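Trainee: Protein sequences appear in the order of chains U and H.
According to the working numbering, the first sequence is numbered sequentially starting from 8.
According to the working numbering, the second sequence is numbered sequentially starting from 58.
Any given hint could turn out to be false.
Computed list of lysine to aspartate or glutamate pairs in DMTMM-like fashion (alpha-carbon distance at most 25 Å, straight line) [stated by the list, open to error]:
1. Lys72(U) to Glu200(H)
2. Lys142(U) to Glu109(U)
3. Lys72(U) to Asp127(H)
4. Lys149(H) to Glu101(H)
Label pairs and their calculated CB-CB ranges [said to hold, decoys possible]:
5. Thr62(H) to Asn14(U): 13 to 21 Å
6. Ser128(H) to Leu86(U): 20 to 28 Å
7. Leu179(H) to His121(U): 40 to 48 Å
8. Tyr107(U) to Gln121(H): 41 to 49 Å
In case anyone wonders, no lab produced these hints; they're calculated from the structure.
Because the structure is a prediction, the values reported are computed rather than measured.
Don't be surprised by glycine CBs; every beta carbon is placed ideally from N, CA and C.
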Amino acid sequence: MDELNKNRDACRKGYVFSVDALLAIFVVLILIASFSFFSSRSKSEAFPLMSLQIRTNDVLVTLDKLGYLSGKSSSNISLFTNRTLGSSVGWQMDIEYYNYTEANNTFKLASALHLGDNSSNPDEIALSTRVFLVKNATNVTNYGRVMLKTWSRWR
Amino acid sequence: MLVATIVFVVAFAGFIMLSDRAYRDTLSASKFDGIAIAGTSITESFVGSGGVPSDWETNSSNAQAIGLADSQNYLSHAKIKAFTLMTYNLSKTKIGLPPGIDYRFIVVNMSNATLYQSGVVLNKSQTITPFRRSIIVNGSPAELRLILYG
Numbered sequence: 008m009d010e011l012n013k014n015r016d017a018c019r020k021g022y023v024f025s026v027d028a029l030l031a032i033f034v035v036l037i038l039i040a041s042f043s044f045f046s047s048r049s050k051s052e053a054f055p056l057m058s059l060q061i062r063t064n065d066v067l068v069t070l071d072k073l074g075y076l077s078g079k080s081s082s083n084i085s086l087f088t089n090r091t092l093g094s095s096v097g098w099q100m101d102i103e104y105y106n107y108t109e110a111n112n113t114f115k116l117a118s119a120l121h122l123g124d125n126s127s128n129p130d131e132i133a134l135s136t137r138v139f140l141v142k143n144a145t146n147v148t149n150y151g152r153v154m155l156k157t158w159s160r161w162r
Numbered sequence: 058m059l060v061a062t063i064v065f066v067v068a069f070a071g072f073i074m075l076s077d078r079a080y081r082d083t084l085s086a087s088k089f090d091g092i093a094i095a096g097t098s099i100t101e102s103f104v105g106s107g108g109v110p111s112d113w114e115t116n117s118s119n120a121q122a123i124g125l126a127d128s129q130n131y132l133s134h135a136k137i138k139a140f141t142l143m144t145y146n147l148s149k150t151k152i153g154l155p156p157g158i159d160y161r162f163i164v165v166n167m168s169n170a171t172l173y174q175s176g177v178v179l180n181k182s183q184t185i186t187p188f189r190r191s192i193i194v195n196g197s198p199a200e201l202r203l204i205l206y207g
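Just chain H, same shape as in the assembly:
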């Protein structure tokens, strides 16, 4: 009876620990999936569309959707500039970032020199998910980097 009780208690504790870990893993995977979908969708909008309306950069507060491209992967200097000059909270709303997720936006040239940047740099230990897209800006190859913190 004593042996059975000890075995039961140990097994039950093991079960609780495994269930808790499985729950945490699922929660973490679900959050990661959300960030991955958001990052993929936002970067695709950046490099694949000019935004709505197409001249949103002339009045960025009226932008319905942010796009930075003149044509596929060929980005507009004026649109990038307008995006980086937007206030952080407004830009988060316009790109459709889910609550609780922050971003850093960087465009670097092939020598890794920063051409444009906006967003925040977080010091907190949060999950960092980077997204990279190969682009052309001002007629030269460059890389767009969107880093999401969740």
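If we strip away everything but chain U, and leave its shape as in the complex, we get:
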């Protein structure tokens, strides 16, 4: 009888040990899986935003050098920006034109353009600003400041 009880105890202990080991291995596997998932994810997400930031800077430089910003044409600026950034990128642009008064040494807002998508409120954006001059044949007629905000529509 004692022998039988000893065997039963041994079986119970073995079973408990197995369950215990199973649970421990399960926890370790979950930790490893979580680590590998998050470590590879963070690296792949670091570059799209940098790429978007570079493209955002490029748009402002080319808009300025092509004379679109000084031309003050909303349609030309919007068309160029849409074509350059493509449909996968949302954007919003604020352009301000200032008059400079030398006597007071002040800049006064003359006009402003608000272009692009005003309804979106994305979490992650690229932002670029640029200051430019509007000239006629001989003089500077306005001083301008432009801010371009872009974001990926696929996120």
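Following the hints, position chain H against chain U.
Mentor: For chain H alone, kept in the frame of chain U given last:
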């Protein structure tokens, strides 16, 4: 005992598989990072500098660094032409492309018509990483595309 052994073997196999996958992911991410850094750096040199020496296009074999710009994002026709006429291996060395990575260089206008191109088109199934920069060439807007194969 039998149950414990089976559980151990299954768990160990799972561990090996996960470790292998994590290693491959890390290796792949590391290679991607290298390509991304190279592409960003090369395109920045293209659109942000005129190269070293500044008139390298007159004798491209003596170029120390390749730059294609007259001013920021305003590219020189002569420099682009000189770059596209360089032999492939020489151009790879001059732009500082790491070994094992190939490139395709294209400039298109706003209608997507090709203005300049050089480099290779690969048929092999390799990772393709494109880089695009908005530029001005010959007074008109265009897009520079650098595609790296690794």
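Trainee: For each hint, tell me whether it holds in the structure or not.
Mentor: Hint by hint, here is what the structure shows:
With a CA separation close to 15 Å, the supplied pair lysine 72(U) and glutamate 200(H) stays within the 25 Å bound. For the suggested pair lysine 142(U) and glutamate 109(U), the alpha carbons sit about 16 Å apart, so the restraint of at most 25 Å is met. This hinted pair checks out: lysine 72(U) and aspartate 127(H) have alpha carbons roughly 12 Å apart, not beyond 25 Å. About 16 Å separates the Cα atoms of lysine 149(H) and glutamate 101(H), which keeps this hinted pair within 25 Å; it holds.
Threonine 62(H) and asparagine 14(U) have their C-beta atoms about 20 Å apart, which keeps the hinted 13 to 21 Å range intact. Evaluation of the 20 to 28 Å hint for serine 128(H) and leucine 86(U) yields a pass: the beta carbon distance comes to about 24 Å. The beta-carbon spacing between leucine 179(H) and histidine 121(U), approximately 45 Å, falls within the hinted interval of 40 to 48 Å. In this structure, tyrosine 107(U) and glutamine 121(H) meet the distance hint of 41 to 49 Å, their C-beta atoms being roughly 43 Å apart.
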